[in-house]
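Engineer: Chain by chain, the residues run as shown.
Protein chains: 2
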Amino acid sequence: MQHPTKTPLSDALRRLVGRPVADIDTPALVVDLDAIQRNLGRMAEFARKHNIRWRPHAKMHKSSAIARLQIQAGAVGVCVQKTSEAEAMVAGGVHNVYISNEVTAPAKLARVADLAHAVAAENGQLAIAVDSLEGVRRLADAMNERRRGGAGAVIDVFVEVDVGGGRCGVTPGRAGVQLAHEIRRHPALRFAGLQAYNGKAQHLRTAQERHDAVGIVVQDVLFTRKLIEAEGVPVNLVTGAGTGSLVCEAASGVFGELQAGSFLFMDADYAANERDPAQPQFEHALFIKSQVMSCGVRHAVCDAGHKSHAIDSGLPRVLELPATGALEYFNGGDEHGILRPAGDNQRVPALDDVVWLIPGHCDPTVNLHGFMIGVGGGLEHGKVEKIIRVDARGALT
Amino acid sequence: MQHPTKTPLSDALRRLVGRPVADIDTPALVVDLDAIQRNLGRMAEFARKHNIRWRPHAKMHKSSAIARLQIQAGAVGVCVQKTSEAEAMVAGGVHNVYISNEVTAPAKLARVADLAHAVAAENGQLAIAVDSLEGVRRLADAMNERRRGGAGAVIDVFVEVDVGGGRCGVTPGRAGVQLAHEIRRHPALRFAGLQAYNGKAQHLRTAQERHDAVGIVVQDVLFTRKLIEAEGVPVNLVTGAGTGSLVCEAASGVFGELQAGSFLFMDADYAANERDPAQPQFEHALFIKSQVMSCGVRHAVCDAGHKSHAIDSGLPRVLELPATGALEYFNGGDEHGILRPAGDNQRVPALDDVVWLIPGHCDPTVNLHGFMIGVGGGLEHGKVEKIIRVDARGALT
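Chains E and D are the protein sequences, given in the same order. Oh and the first sequence: position 93 is 93 in my numbering, straight run, nothing missing. Oh and the second sequence: position 242 is 639 in my numbering, straight run, nothing missing.
Worth flagging that the hints you see were computed from the coordinates, not collected in a lab. The beta carbon of each residue, even a glycine, is placed where N, CA and C say it ideally should be. Among the hints, erroneous ones may be present.
[Unchecked claim] Across the chosen pairs, the derived CB separations fall in these ranges:
#	chain 1	residue 1	chain 2	residue 2	range
1	E	G376	D	R672	53 to 63 Å
2	D	V694	E	P106	19 to 29 Å
3	E	E283	D	R465	45 to 55 Å
4	E	L9	D	L619	48 to 58 Å
5	E	E283	D	A419	47 to 57 Å
6	E	A272	D	A548	50 to 60 Å
7	E	L9	D	R416	25 to 35 Å
8	D	N520	E	V17	33 to 43 Å
9	E	G376	D	R445	52 to 62 Å
10	E	A272	D	G438	46 to 56 Å
11	E	H381	D	V694	56 to 66 Å
12	D	D609	E	N331	17 to 27 Å
13	E	A151	D	R412	24 to 34 Å
14	E	T206	D	R412	51 to 61 Å
[To be verified] Calculated from the model, a selection of chain E residues having no Cβ within reach of chain D, i.e. all distances over 12 Å:
#	residue
15	D34
16	R42
17	V76
18	Q125
19	P187
20	G215
21	V254
22	A271
23	A272
24	N273
25	A278
26	E320
27	A323
28	D344
29	L379
30	K386
If we strip away everything but chain E, and leave its shape as in the complex, we get (with noise of 0.2 Å):
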């Protein structure tokens, strides 16, 4: 395994738990545990209510800790990006892991085929995304050499189909049929089913438009399904959908399987869609504690910028809250942040002022951390309960 030598946790951070939340040394990233719990509780609910499985999305929190949380919540596993994620995860204890992305090159199959062995050995399963025959060959070369003639593990693979991303996956259609039967053409390999995921419609801010855009997905998997199930091969498992469109394919019938990850932290903006009706209403709970440093006439400058939390996908929002009033966040680069008063608010923040962002997107936020400071009580006279690793920051191979 490449991947991951542990980073030590600190004194420091040993030191934090058990004090409250004004002890946190700024940046830094803070999760609030209670509404982790919440979250998690309306995901479950949701998901037994429609029927249908959840395996979240780990490339998001990259913590072996919250990948067991959820599975005790009733997740089947977890599904990650990168195969030093997939080791980071089944390093850290979680044995019922999928890698939704296609894996290629040789000396990577090698410890997919690793990997597969490990989990199995603890009555786990791996899982992996195909989009290619070659992809599948040179899959079923790594699990064979792994085996070495003998009998060994066997990985799920899941055809993935491009449903509109424009990225990865094959298009709609024969394509998939041809790399289904490949698949079956392998002893250490297993046909489980269909990836279909859309990262583009998570976004879209109507219901409306991510409905439609869902209705496209679904078109898309049942007319490969049905190609694929005409020539006498079961499609057991469809497999997909994110935070922003997941009514969607609880609804559709056709998906057997939630990847959403962004649920349980919620960004800024997630939030900002128009919210569906029946989606479950998951709450913050992911922040970047940060404190005012310098002071203007009408600005304030606080110690977060960039570098703590990402902004591919816009700013942070400033919790508001009644010590500072509703604030705006301007970009002040890699190490700062530029504070102005928003709404009717007058009252420029002061010197060692405390600012909660809630970032624009949790998942390149979580990676910029070595470990989530986890709160429980509240933000603001709550008390720092653990330490958690990001077990998988910087897994990228």
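Given chain E, put chain D in place with the hints provided.
Structural biologist: Chain D alone, transformed into the frame defined by chain E:
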């Protein structure tokens, strides 16, 4: 010291030293060590010619090993933005460090005072910026607390002037005089001069626009310096400048020290500036090695997205190589990049094709990685010479 608990070097990374570039797993952050040496030579020569000190910004590379290379090449030390970055530099044997930013939280200032004493014991010197009376007093309190009434280290203190950045710093004029006097009241503080940096000026595209912007910077500095010196207080040094504008500051006769950092690696954004004829021809030395892992009819997908490189200053450029021809990189999200042929090139990249991405912005890109892979002998046919730790990765506090 809160930071840094070092991430151990993995066996896989250790084994890479001496291996050909082809063996570097993707995506990976790779530095061209030959290009770095050439860029250092150009900067050293430029500084000698203009009889100006250079103190490159280590917020860019976050590596004490690179800082030591820069000091060997003639730099007087390094700048950093955060206390924890300074801690990482000092832990890595760099003893002349300037925190070119305000630090106002008492818990952080206690660490600053510790650092001031730690570097003094090594015949080094710590410096810091201030922009408020309260900040100066808190800094003095922390230094006095560390000294406990006896003698001890002295910290150099620069008054930051807001010269157009609209972020930190005092308004040009009398506020600077007041701060200089306050600094001189405290025996543990030494008034060292003025900090004057306009980040916005760096990225103005034409040389004339940058020249005009720095013209205003120089006026603001001269005005403030004159007021301070009129009261018999010498202003020994004006420090600032970035890679975009350094020729202007060097020619101003007012600046005594250049803080430019990005020249060492040169990102796509700085390269998009019209080059002032007086500016050394710095070359790209920082790359993401990536590989094609999925192919469509008109596009290919590589394994590097914005968890591999920062996109705050735009998407990466693709290095044009004979094997692939000209390519354009499109946003594929956190883990993927979409590649399409550009210009006259008709060839869609094939599975396994290697591409070298030139990041839009060095600083936050380096911060995404635990290590840089140092290559000698060129990107295509060279060898891995060393693994360079990003000591201050994620050093936010």
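Engineer: Which of the numbered hints are not met once you compare them with the structure shown?
Structural biologist: No hint contradicted; all consistent.
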